[in-house]
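Asks: Could you put the whole structure together from the sequences, leaning on the hints where they help?
Chains as they are written, first to last, in this note's numbering: chain A, 19 to 271; chain B, 19 to 271; chain C, 19 to 271; chain D, 19 to 271.
Source of the hints: derived by calculation from the structure; they are not laboratory data.
As the structure is a prediction and not an experimental result, all values here were calculated from the model.
It is possible that some hints are incorrect.
No distinction is drawn between identical chains; accordingly, a pair holds when it is met within one copy or between any pair of copies.
Within a straight-line C-alpha distance of at most 25 Å, the following computed BS3-like cross-link-like pairs (lysine-lysine) qualify [what the hints assert, rightly or not]:
no.: 1; residue 1: 178; residue 2: 121
no.: 2; residue 1: 100; residue 2: 36
no.: 3; residue 1: 121; residue 2: 100
no.: 4; residue 1: 100; residue 2: 73
no.: 5; residue 1: 223; residue 2: 267
no.: 6; residue 1: 178; residue 2: 141
no.: 7; residue 1: 178; residue 2: 118
no.: 8; residue 1: 139; residue 2: 223
no.: 9; residue 1: 45; residue 2: 118
no.: 10; residue 1: 223; residue 2: 191
no.: 11; residue 1: 223; residue 2: 253
Protein chains: 4
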Amino acid sequence: MPIIDLNCDLGEAFGNYKMPNDPELMKYVSSVNIACGFHAGDWNSMQETVQLAMKEGLALGAHPGFPDLQGFGRREIQLSPKEIYQITLYQIGALSAFIKAEKGELHHIKAHGALYNMASKNKSMAKAIVQAIHDFDPSLYVYGLSGSVMIQEAESLGLKSVSEVFADRRYEKDGSLSPRSLENSMIQNPEDSLNQIRDMIHRGKVISRDGVEVSILAETLCIHGDSSHAVSVAKTVYSQLIEEGVIIKAPGK
Amino acid sequence: MPIIDLNCDLGEAFGNYKMPNDPELMKYVSSVNIACGFHAGDWNSMQETVQLAMKEGLALGAHPGFPDLQGFGRREIQLSPKEIYQITLYQIGALSAFIKAEKGELHHIKAHGALYNMASKNKSMAKAIVQAIHDFDPSLYVYGLSGSVMIQEAESLGLKSVSEVFADRRYEKDGSLSPRSLENSMIQNPEDSLNQIRDMIHRGKVISRDGVEVSILAETLCIHGDSSHAVSVAKTVYSQLIEEGVIIKAPGK
Amino acid sequence: MPIIDLNCDLGEAFGNYKMPNDPELMKYVSSVNIACGFHAGDWNSMQETVQLAMKEGLALGAHPGFPDLQGFGRREIQLSPKEIYQITLYQIGALSAFIKAEKGELHHIKAHGALYNMASKNKSMAKAIVQAIHDFDPSLYVYGLSGSVMIQEAESLGLKSVSEVFADRRYEKDGSLSPRSLENSMIQNPEDSLNQIRDMIHRGKVISRDGVEVSILAETLCIHGDSSHAVSVAKTVYSQLIEEGVIIKAPGK
Amino acid sequence: MPIIDLNCDLGEAFGNYKMPNDPELMKYVSSVNIACGFHAGDWNSMQETVQLAMKEGLALGAHPGFPDLQGFGRREIQLSPKEIYQITLYQIGALSAFIKAEKGELHHIKAHGALYNMASKNKSMAKAIVQAIHDFDPSLYVYGLSGSVMIQEAESLGLKSVSEVFADRRYEKDGSLSPRSLENSMIQNPEDSLNQIRDMIHRGKVISRDGVEVSILAETLCIHGDSSHAVSVAKTVYSQLIEEGVIIKAPGK
Chain A
19 MPIIDLNCDL GEAFGNYKMP NDPELMKYVS SVNIACGFHA GDWNSMQETV
69 QLAMKEGLAL GAHPGFPDLQ GFGRREIQLS PKEIYQITLY QIGALSAFIK
119 AEKGELHHIK AHGALYNMAS KNKSMAKAIV QAIHDFDPSL YVYGLSGSVM
169 IQEAESLGLK SVSEVFADRR YEKDGSLSPR SLENSMIQNP EDSLNQIRDM
219 IHRGKVISRD GVEVSILAET LCIHGDSSHA VSVAKTVYSQ LIEEGVIIKA
269 PGK
Chain B
19 MPIIDLNCDL GEAFGNYKMP NDPELMKYVS SVNIACGFHA GDWNSMQETV
69 QLAMKEGLAL GAHPGFPDLQ GFGRREIQLS PKEIYQITLY QIGALSAFIK
119 AEKGELHHIK AHGALYNMAS KNKSMAKAIV QAIHDFDPSL YVYGLSGSVM
169 IQEAESLGLK SVSEVFADRR YEKDGSLSPR SLENSMIQNP EDSLNQIRDM
219 IHRGKVISRD GVEVSILAET LCIHGDSSHA VSVAKTVYSQ LIEEGVIIKA
269 PGK
Chain C
19 MPIIDLNCDL GEAFGNYKMP NDPELMKYVS SVNIACGFHA GDWNSMQETV
69 QLAMKEGLAL GAHPGFPDLQ GFGRREIQLS PKEIYQITLY QIGALSAFIK
119 AEKGELHHIK AHGALYNMAS KNKSMAKAIV QAIHDFDPSL YVYGLSGSVM
169 IQEAESLGLK SVSEVFADRR YEKDGSLSPR SLENSMIQNP EDSLNQIRDM
219 IHRGKVISRD GVEVSILAET LCIHGDSSHA VSVAKTVYSQ LIEEGVIIKA
269 PGK
Chain D
19 MPIIDLNCDL GEAFGNYKMP NDPELMKYVS SVNIACGFHA GDWNSMQETV
69 QLAMKEGLAL GAHPGFPDLQ GFGRREIQLS PKEIYQITLY QIGALSAFIK
119 AEKGELHHIK AHGALYNMAS KNKSMAKAIV QAIHDFDPSL YVYGLSGSVM
169 IQEAESLGLK SVSEVFADRR YEKDGSLSPR SLENSMIQNP EDSLNQIRDM
219 IHRGKVISRD GVEVSILAET LCIHGDSSHA VSVAKTVYSQ LIEEGVIIKA
269 PGK
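Replies: Quick look at the structure:
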């Protein structure tokens, strides 16, 4: 039976700015990526999210991003590989302390936003991130864009990679994500979205933006948590996959 | 032979603002308290300071403070005990990641500035800090003001406490530090300072501001790193103690 | 006919964290207090809020707070009067630049959160705030808690004060707000709330928590913008007052 | 007689991190660019620097930079032109409030670090900056790299531009600065530096890195304030120019 992990970026509250959907979203995913206070999140959301996710039995991931609360980690910032290494290590450490205090276990790392995107293509950035993960704990899983430089670098350092796919993004015929600047880069229709997921999970294929069938490795699927209808989308995807006999679970669990 | 630990707050650089005395100061202390990015320090200074201190064989401590870079952690901020717990855990975690990556070992925790002062007297704050330390790793040493509530709370939770004394501060007859607002609260004369250290180490006594001899436990002595003549003071204290046959080493080393 | 100003704290978004009620709330108030990036708000929300409020013809106020985004300016921070002066001046200047660029006019200043509360009682803090307002522009209105030290200090410096009252807070018999820690400090029932407003506007009186009638000057009423039902409350208060023949307008307009 | 303005970036302290050379440097320049709290500086340094510079009779400039204290505004951050406009306006406003409170006058704006460099070449960024300056006060001077897009955009909006040259940087034959990545991009020898200044001021020429004589407009010369020997360099340049009969004064003064 096909297996997939459903992951979601959570714990993106900050101070008075709450993320009320988090508890509900946790019911429909198998792993969570928890913001560490750089692009979003703070000590309060980190503790709370770790506690909630542990109650739900989810795989706990750190979600390091650029130091850019105001930009939500979505702006490119010119950092040296040395600093990329350092901000990754800092954030993993901070989150892991909350997990340790709750006697939980850190499961994986997934970079956020601009850091994720840049490290999908930029070898020295990807190397810096995976080296930080390796130096902290070489048994951690590394989530990265399916087919990206990030996945390659994780594997070349002997780390366990997990290839991530998206239900609501179009792909190019080389297997990369269609740039958001293009008109057709997002899939608006829920049914199209579900079909793309089915293709990816059951057949290891995706139909590219210009109609070509491309091979793709789908080990984890990103469930977006920040739209207003995030919960209903998550619920639909989850239910549909369960119905089709897909096993939803985090790697190694 | 009498034994004492000499500790110093280091790694208090931030970005372009450097702390050039740090490498020199490390020669004259046995343990360091490394800023974790909240009141001072950043990912860069943290990595660098951990690396330097490990080369010198020093005991590595986390130095959590209030989230207040502009105020250098010296302003009181009204945080709940829950938040005090969280900021302590966050900072210990962040620093410990850098230590882990270098295959070093975290040795102790010492709160900084206003956090240190408030937790010396405020039981719920002290409880929050020691609980965070305990939940992260109950084998860590807790540095705190000799005779303070912080030391009591550390011990009542079964943690190993280390009582800290100061060479350049006057004491009241109840063993507390004289408030800085008082005229005679600081010891200006280096010879007076050395005499106070001698009394504390060899005899377990200190002469209070109004001339009374008070018992005091001196397990670690704070060497200030942020004055312009910090290095020469540190060197003098170190040399003098060595000459007098005092063994300078961190607890448990 | 009785006159009152309805004011609301707006522009409290930050980066990705939006405040979607702002445009709707603007329909039911006569003046706005715009966050300046210290306790909430950023350059983007400031520009947007100034533009929106000018379209609605509202009186524009700066809403300076403590430098504490994570705590939303609600935590007491130990700042010297000199720094209180400086943070007030900085924030007024920043907001006024956006107003100047839009060819609008700054109308008033209202301190936020912990800064507001502390300056209601602490003379040196109140002095620092009103001095900053005076030095920037002595023709500005100063909003402050009715009967507070802040109002006194504004007047003693020759500034135009505007006394603020609350619809959902209980008052003590000395005219001060009942501390939130007390059980009955908040008025839960909308009808009770409206009655309190009526008493304050029409009769210059308020019934204190323990049933005594107290004199109170009501020149502006605070409409809270941050609850989930803020819009409907604002609409009700506004409609009710209009119906009762109260003129709703900002001072000097 | 030739005239030149000597400008220096000052007020780059932050909290506990002081810039002790500032008062001394002010003796050898005619205009100052004051950090506004984004890349460096805070409310305290802003007030203090404005007060000091006014005592010395210097032309007061705002020195807006990227919101990046840890990177000192030297890292490129991907901001939209709209945000570039907003951060410029915010910072000008904040500084101008301190100047207004002291009854001084804002004289010019000079962008800092990565913002300066990017806006020297990027038309939409330059446009955004000069639009913000224009909307705040169209009578302000705009300092920019001699021959840059920034100067062009300032002029095309009708603002008064001031062309800036550097004494310690090499130039390319197209008049642009040699990239710092090149080996010979910095002039190490003080005598060579003085010769370059002489060429630029007296003859409107500079010898490029590969030996070609290039025309250059030198209206203001940047004196660096952040090296350890900044004061002695400033003093030498100042004295030498005075001796050669150059008039040192800010534009319009």
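Asks: Next, verify each hint and record whether it holds.
Replies: Going through the hints against the structure:
Both within a single protomer and between protomers do residue 178 and residue 121 lie at most 25 Å apart by alpha-carbon distance, with minima of 23 Å and 21 Å respectively. Proximity of residue 100 to residue 36 under the C-alpha cut-off of 25 Å is restricted to the inter-copy arrangement: shortest distance 18 Å between copies versus 33 Å within a copy. Taking the shortest alpha-carbon separations for residue 121 and residue 100, only the inter-copy value of 18 Å comes in at or below 25 Å, while the best intra-copy value is 31 Å. In this homomeric assembly, residue 100 and residue 73 come within 25 Å of each other (Cα to Cα) only across copies, at 20 Å, whereas the closest approach inside a single copy is 36 Å.
Taking the closest pair of Cα atoms, residue 223 and residue 267 come within 25 Å of each other only inside a single copy of the chain (20 Å); across copies the shortest separation is 63 Å, beyond that limit. Only within a single protomer do residue 178 and residue 141 lie at most 25 Å apart by alpha-carbon distance; the minimum there is 18 Å, versus 45 Å between protomers. Proximity of residue 178 and residue 118 under a CA criterion of 25 Å is satisfied in both settings, with 21 Å inside one chain copy and 20 Å between copies. In this assembly of identical chains, the alpha carbons of residue 139 and residue 223 lie at most 25 Å apart only when taken from the same copy (21 Å versus 44 Å across copies).
For the identical chains of this complex, residue 45 and residue 118 are intra-copy neighbours only, at 23 Å inside a copy versus 34 Å across copies, given an alpha-carbon limit of 25 Å. For the identical chains of this complex, residue 223 and residue 191 are intra-copy neighbours only, at 11 Å inside a copy versus 54 Å across copies, given an alpha-carbon limit of 25 Å. In this homomeric assembly, residue 223 and residue 253 come within 25 Å of each other (Cα to Cα) only inside a single copy, at 23 Å, whereas the closest approach across copies is 54 Å.
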